[in-house]
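Protein sequences, first through last, are from chains A and B.
Each residue of the first sequence is one higher than the one before, counting from 14 in this note's numbering.
Each residue of the second sequence is one higher than the one before, counting from 4 in this note's numbering.
It should be emphasised that the hints constitute simulated quantities derived from the structure, not laboratory data.
Here a beta-carbon is modelled for each residue, glycine too, at the ideal position from N, C-alpha and C.
There could be a bad hint or two in this list.
In the DSS-like style, the derived pairs of lysine-lysine whose C-alpha atoms are separated by at most 30 Å in a straight line are [claimed, not checked]:
(1) A/K260 x B/K215
(2) B/K92 x A/K223
(3) B/K110 x B/K215
(4) B/K215 x A/K255
(5) A/K249 x B/K40
(6) A/K223 x B/K285
(7) B/K92 x A/K249
To list a few chain B residues with every Cβ distance to chain A over 10 Å, as calculated [what the hints assert, rightly or not]:
(8) A48
(9) A72
(10) L142
(11) S297
(12) P311
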Amino acid sequence: MNAGTRATPAPSAVVADDERLMREQIIGRLKEAWPELVIVGEAANGREAVALVHSQEPDIAFLDIRMPGMDGIEAARALAGRVHVVFVTAYDEYAVSAFEQGAVDYLLKPPDPARIALTCERLRARIKEAPDPMNDLLAQLAQQLGSAGVGPREYMRWVQASVGANLRMIPTSDILFFRAEDKYTRVQTPRFEALIRKPIKELIEELDPKEFWQIHRSTVVRVDAIEQVGRSLSGKQVVQLKGHDEKLEVSRTFNHLFRQM
Amino acid sequence: MTTEQRNPGTGNAAEGGPSDANPEPMGTRQALRQIRKGIVVMWWAFFDWLAAISWKALLLVSLLVLILAGILNRPNLFFFLIVVSFIIKIVAGGKRRAEQTASEATKRAETEQFERSVLEARMEALQAQIEPHFLFNTLASIDQLIQTDPPRASRMQQSLIRYLRSAIPQMREGSRSTLGQQVDLSAAFLEIMVMRMEGRLQPVVSVPEGLKSAVFPPMMLQTLVENAIKHGLEPKPEGGRLEIGAEVVDGQLAVHVLDTGVGFMPKGEGGVGLANIRERLKVLYGDRAELIISVPPAGGTCATIKLPYNIAAASTSPQ
Numbered sequence: 014m015n016a017g018t019r020a021t022p023a024p025s026a027v028v029a030d031d032e033r034l035m036r037e038q039i040i041g042r043l044k045e046a047w048p049e050l051v052i053v054g055e056a057a058n059g060r061e062a063v064a065l066v067h068s069q070e071p072d073i074a075f076l077d078i079r080m081p082g083m084d085g086i087e088a089a090r091a092l093a094g095r096v097h098v099v100f101v102t103a104y105d106e107y108a109v110s111a112f113e114q115g116a117v118d119y120l121l122k123p124p125d126p127a128r129i130a131l132t133c134e135r136l137r138a139r140i141k142e143a144p145d146p147m148n149d150l151l152a153q154l155a156q157q158l159g160s161a162g163v164g165p166r167e168y169m170r171w172v173q174a175s176v177g178a179n180l181r182m183i184p185t186s187d188i189l190f191f192r193a194e195d196k197y198t199r200v201q202t203p204r205f206e207a208l209i210r211k212p213i214k215e216l217i218e219e220l221d222p223k224e225f226w227q228i229h230r231s232t233v234v235r236v237d238a239i240e241q242v243g244r245s246l247s248g249k250q251v252v253q254l255k256g257h258d259e260k261l262e263v264s265r266t267f268n269h270l271f272r273q274m
Numbered sequence: 004m005t006t007e008q009r010n011p012g013t014g015n016a017a018e019g020g021p022s023d024a025n026p027e028p029m030g031t032r033q034a035l036r037q038i039r040k041g042i043v044v045m046w047w048a049f050f051d052w053l054a055a056i057s058w059k060a061l062l063l064v065s066l067l068v069l070i071l072a073g074i075l076n077r078p079n080l081f082f083f084l085i086v087v088s089f090i091i092k093i094v095a096g097g098k099r100r101a102e103q104t105a106s107e108a109t110k111r112a113e114t115e116q117f118e119r120s121v122l123e124a125r126m127e128a129l130q131a132q133i134e135p136h137f138l139f140n141t142l143a144s145i146d147q148l149i150q151t152d153p154p155r156a157s158r159m160q161q162s163l164i165r166y167l168r169s170a171i172p173q174m175r176e177g178s179r180s181t182l183g184q185q186v187d188l189s190a191a192f193l194e195i196m197v198m199r200m201e202g203r204l205q206p207v208v209s210v211p212e213g214l215k216s217a218v219f220p221p222m223m224l225q226t227l228v229e230n231a232i233k234h235g236l237e238p239k240p241e242g243g244r245l246e247i248g249a250e251v252v253d254g255q256l257a258v259h260v261l262d263t264g265v266g267f268m269p270k271g272e273g274g275v276g277l278a279n280i281r282e283r284l285k286v287l288y289g290d291r292a293e294l295i296i297s298v299p300p301a302g303g304t305c306a307t308i309k310l311p312y313n314i315a316a317a318s319t320s321p322q
């Protein structure tokens, strides 16, 4: 339908791979298999590939799946319907069969001449039609790859904190509790304590609610670090921790967390 | 004490004292609240005492209370109190037993959890030995170089052989590995990555010769190196430096991998490899080893493994 709209009759393509050698390889083999195909640009990551497709408007994009920053799947999503996509990868862990029904092809590195000839043949036939938006396929792939945008919400897994003069990344699984202290929030681990500037109120938004519970206006505790919950003499619930002597008071607002069964 | 515990009655046995405050004149409200607080404290102290005390002791106390009742001539009230205490004892005793069994169950579950995590950590470590993407990408690169630059293809292939030669024996369990072996493995890996990433990777390996015979667990250094490239340097268009270093401080061997990449992402996926290292260190050394991730002043990421410094026995298997 929109076949005649292009000014240049020669088919064009861009090649995206973060390694120059691999781009050379694809381009070299495409030249042998399809001499008329014009390579209008090379990209080293997904973002560059998207920009290149927008500026050069090629018919085909060869996208390496694993690229730093924006990967091939994300780039294909951004380009859905604009260009015919052929995915390239060194190692097939994404169910090649999924492609057999889609409009795209899937090449394994290094592509042998017979296989790349087949790809070119498919592309010659497809290129006259509008590119398939590949919605289902891309959603499925993105899920397998854990690409951004579709997965469940990501919680904080590391806390950047100053320990003495050093800046350290502390895994949340190492943290016993967070406690508001003056202007800072104290991060307590079994080995040391550190300070961060982020207030408890913001922290609780970013922490996994399955992993961390707020038990007081100024205290957030890691559930797995709780040894037991007892009562102080004044009848207040008090949390005892594994491998740490400090006891944490539970305020009444949060009593329900430890209600007896 | 005994006279006061009548007031809370049986209403708030399980919870600390729900608010069913009935309106009072302003002056007495404060005082009532104080009294109430006192009662709650007493009540819980009494409750815990009842739960902990043996039946024998409780009977003895009851007898004393009965004698007291005789003296004060209020047998009905005290008899009532004793009956209530016995009922509470039955209930509270059950609660205490339940707590004990619960804590035992927790302990058992923790042991099982620990054993499982040891096994999982080992399995993951084995699976992480040779990343298929790395292997196939390298083979594809060699394939390309054979056509365009055969001498470089040969160099890359030799590096791959060196890498596989040190990585494969580590898949077999029980081999005691040294820092030297780990550094050789990572050096071969870096040679390959330098050829693939070209100018974007500048490795610096500065491990003193004398420390190469130190005991160091397999595949930990390599995980740190792979992480530094994948999460630090690859995402950075201009790449950067990767430095492997080692020193002994206070009897601890500290091995670090520093990169000048994009810096550590607190949310990003990653982390699996690091969690695995942490887990294995815990299994092997308990509290005597740790993995520290820090942010160098100049940016990037520095990962340091600290563990007890030991020289490997001469009986290490030949490489």
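Over 10 Å to the closest beta carbon of chain A is the bar; see if B/A48 clears it.
-> 7 Å, violated
Straight-line alpha-carbon gap A/K223 to B/K285, limit 30 Å = Status holds; Cα separation ~24 Å.
Minimum Cβ separation between B/P311 and chain A greater than 10 Å?
-> At about 16 Å from chain A, B/P311 clears the 10 Å cut-off, so the statement holds.
With 10 Å as the threshold, tell me whether B/S297 passes as away from chain A on beta-carbon distances.
-> About 5 Å separates B/S297 from the closest Cβ of chain A, which leaves it inside 10 Å; violated.
Would you check the hint for B/K92 and A/K223, treating anything up to 30 Å between C-alpha atoms as holding?
-> Violated, because 36 Å separates the two Cα atoms, which is more than 30 Å.
Given as non-interface: B/A72, partner chain A, CB spacing beyond 10 Å = Fine: 29 Å to the nearest Cβ keeps B/A72 off the interface.
Does the alpha-carbon distance linking B/K110 and B/K215 stay inside the 30 Å limit?
-> 40 Å, violated
Taking only the CA atoms, is the gap from B/K92 to A/K249 under or equal to 30 Å?
-> Since the Cα atoms of B/K92 and A/K249 sit roughly 22 Å apart, the hinted pair holds (cutoff 30 Å).
Starting from B/K215, check that the Cα of A/K255 is at most 30 Å away, please.
-> 37 Å, violated
With a cut-off of 30 Å on the C-alpha distance, tell me whether A/K260 and B/K215 pass.
-> Answer violated: A/K260 to B/K215 is near 45 Å, above 30 Å.
Check the non-interface label on B/L142: least C-beta distance to chain A beyond 10 Å or not.
-> Non-interface label on B/L142 violated, nearest chain A Cβ at 8 Å vs cutoff 10 Å.
Is the Cα-Cα distance between A/K249 and B/K40 30 Å or less?
-> 11 Å, holds
In this structure, the hints that do not hold are numbers 1, 2, 3, 4, 8, 10, 11, in rising order.
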